Structure formats: structure tokens, C-alpha cells
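Protein chains in written order, with my numbering: chain G, 13 to 321; chain Z, 4 to 177.
Simulated from the structure, these hints should not be mistaken for lab results. Keep in mind the model is a prediction, meaning the values are calculated, not measured. There may be inaccurate statements among the hints.
[Stated by the list, open to error] Part of the chain Z face toward chain G, derived, beta carbon under 8 Å:
hint, residue
1, F41
2, A43
3, V58
[To be verified] Chain G regions said to be covered by chain Z (calculated; three or more residues, Cβ under 8 Å):
hint, segment
4, 75-87
5, 107-113
6, 117-125
7, 128-141
By construction, the Cβ of each residue, glycine as well, lies at the ideal position given by its N, Cα and C atoms.
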Amino acid sequence: MTVTGAPAWAVAPAAAALLALAFAGAVVDGALGGGARARSGGRWTRPLVETARLLRQRGRRTVAADGLLWRVGVAGPLVVALLMVVVVPVGGTVVADLPVGVVWFNAMDVSLWAVAWLAGWGPNSVGPLVGGYRFVAQALGYELPLMFALTAPAVAAASLDLGDVVAAQRGLWFAVWMPVAFAVFLASVAAFSMWGPFRAPVGADLAGGVLAEASGADRLLLLAGRYALLAAGAAVGAALFLGGGAGPWLPGWAWSLLKTVALLVVLVAVRRRLPVVRPQRVVRLGWLVALPAVLLQLLVVALVVVWKG
Amino acid sequence: MVPTVLFWLFAVVAVGSAVAVFRVDSMARATYALALSFVAVGASLLLLNLAYLGVVTILMMVMEMAVMAVFMIMFMMNPAGLMPMSMLHNQRAALVLSGGVFAALAAGALLVEWPERRGTVPDDPTRAAGDAVMGSKMLVMMGIGAVLFTTVVAALVLAAARSRYDRGPAGERP
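Just chain G, with the same shape it has in the complex:
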């Protein structure tokens, strides 16, 4: 299957699809919801109820907040997630047919360093500030393993174009013969979404960290941004490691969607199953365990590529 660029109006349905996926992620999280009980409404309607509540909630102000930078940080995660998915092929089409889609995804996830720190810096309040610093510390731990995990499929496909990476998986998914890179990638998606074991930047021990002072529409944007990041990471993972739109019977876009939803459910489900890992431990795990493992994975991939010619 070859991947071709879509006309400019495709931006709108792509954005709508990402938002729908993010909402689906929130619904799944609410339905699985161990622990916290909903304030009102059933498990399935929890995200809707919460959205309505936050839209009506009055915004909270802090003393001497940096309004501009706070706004950038609050809107950032959702914008970054939207920018990530423009290079993801859905079936045979992609919104932006960039020849360096893999690097683009990497650049976008790096801009989360800035965005998350700004969301913490903006309100001029200690909880969010510490949360923002925690995110940067955590990012130092996961970023290099993530970069090498992204390199493995690119080396195997001999291209940085996500369309070529999908095409190179005809016959065998990269997830099958690069399991370490796949695992590191999924963990990094959880980490840059401040999710699951990597939720220390929004930790309850910081009264919500980066989220602590955000209220009303600001909080809604940040929460939606986290789900959108998970969804965007799942979409990229489906293209990089699960063969994108390849599959029998169903059309390509349906397979892309199915694989994305499957990855998203897996990511959402781990939320309360694993304990929070302290950022300094994330760095230790990242550099002493994940980085050597993923480098060995890359060596294996490179050897296979050379051997197959």
C-alpha cells in the first residue's frame, strides 16, 4: 500500500478524529475507573459530566501569574498532539506527506518539554512549578531511549517517512521483531503524556502538580491534551510498529483506527495498575536499563538489515 498526501481540508477530519479518540480514551478510563468515584453520573458518562462541569467552572487566578506563558503551556499539549497526527498515515492517506515524519514526531514530543514546564511555571505557584521541573527531569530519562526506539523502525525501513515505514512492514510487523523498541516506545508515550507510572508531574503528592492551579476551561484543555497525546502516541505506534493500515477484509483506514484504539486502550488501562515512579528513578531506569536495551535492539535491527541486503 502506498501512502499519498491528502488535500488541505483533511486537517479538519483528522483533528476531529483525534479529539474523538481522546474522548474515547477518557470514556474507557472512566469505565475502567478503579479507585476514584464519579462525582455524579454513571461510569460511562463521566467524561461528559466532567467536561460540562469544567466548562461552567469559574477560572481560578493566582498572584503574579505569567498569563501569556501559562496560556501557552495550557494549550500546548493539545496543539502538540494535533501536530503529531498530521504525519500519521491512515490507510493510504496522510494529512502532511512529510519525508521526515519520524523526526517530526520526535520534534513535537520534545516541544512537550517546553510546554509542560511552561504550564508549571505560568501560575507562579509551588505545586505546578515543582510538577513542571519533575516533567523536565523525567523527560531527560525517557527522551534518549525514545529517540533510539524511533530509530529502529526507520533503520529497518531505510526511510524517515512514516508511509515508507508502514510499507516496509508488509509481511511482518515491526512490533514482532523489535519488541524492545516497541515496549520502550509505549512507555515513552505514557511518559510524555504524564500518564500511569509516569504521572509524577501531576502527582497527588503535589496536589495535582502541573494541574494544581488549572481550573475551568484551562483544566479541561490540559486534561484533554493528555488524552489527545495518548491517542496521538497510539496512532504513531500503530503506524511505526503494527503495520498501519495493513490487514485483511477491512479497508485500510479501519485497520489504522482499530490498531490505534487497541493501543490506546492498553495505554489507558495501565493507568492505575502500576505505581508512580519517582522522576530520578525514571532517569536511572531510562539510562541504565532502557537505553542499553534499545541500543542492543538497534544493533540487532541493523545486523538484520545488513544481512538481508
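Mind docking chain Z on chain G? Use the hints.
Just chain Z now, with coordinates in the frame of chain G:
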């Protein structure tokens, strides 16, 4: 038409946010104004069809500025860099230096006889630029890159062997 408009947009953003670096009174704003300036420069590299170089510039610069903000605020003399402050120091000498450098660069850009294009645009301009800059030294440079990276990591490991985050006598697992 579209590339021209985009070029001017990126150029104005790059210069405007670079000016803003010295006009704002907050460390965080100065750092991220500089980051925005670099992003605009990376975006204008995209206009030259240097997709890889443009995106990598954005990637590296945003990461660098995110780390730099942490260090700038850490080393500020006022508490945690939270107080308003001026970004201007040693104003007279800085003005002379920067004015001189600007005049030299502008004179170079205006007075140099720009060569005509020979041949056609290569299929992969990034590869061609890499070949032109590195040429036959590519392998050596890549080797040196790995050695440098190993040196940095080794130096950090040696320096931080017994630091705040070491594993302690109990030998905590990673």
C-alpha cells in the same frame, strides 16, 4: 507567492522574538522568546526543502532552550529567578560589538557577488549539503561523535558517582 509570504512571516517572527529576548523582564520569557526565534529559523530552513535539517533544528533548539531555562533560573542571583530582571548587561560595549557584527554581516550580504546557480537542485538537498560540508570525513566525524558522547557520559558518571542521587550504601536497584 506562498513561499515569499511564509519567508517574511518566519523572518519577522525570528527577528521580533529575538528583540523580545532583551525587552522582557523575566528569565522564562526571555528563554522562550529565544526558542521561538530558533523555531522560526528552523521553519525557514523548511522553505529551502531541507526538511530534515529544519525539523532537527526545531527539535534541538526547543530541547536546548527547555534545559537552558532550568539552568538560567537556577543560576540567577535573585531567588529562583522569579523576580523581574533586566536582560541587559555591559550595555555600551555590547552595543558597539553587536552593531559592528551586524554592519559586517550586512555589508557582506550586500557587497559579496552571489554566484549563479550551476546545475540543478539535487534530489536530496540534505544529503548534498552533508556531502558538501563533510565530504570524505563523514566516517571520521561520526566516529568522533560517538567518542565525544561516550566522554560526556563517562565524565558525568565519574563526577556524579557520589552525589545527591547516588544509590546509597543499600545499593538500591535501578
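Results of checking the hints against the structure:
1. F41: Violated: closest Cβ of chain G sits about 11 Å from F41(Z), beyond 8 Å.
2. A43: Hint on A43(Z): violated, closest Cβ of chain G at ~14 Å, above 8 Å.
3. V58: holds (5 Å)
4. 75-87: holds (count 4)
5. 107-113: holds (count 3)
6. 117-125: Per the Cβ count (5), the hint holds.
7. 128-141: It holds, with 4 qualifying residues against the three required.
Violated hints, listed in ascending order, are 1 and 2; each of the other numbered hints is respected by the structure.
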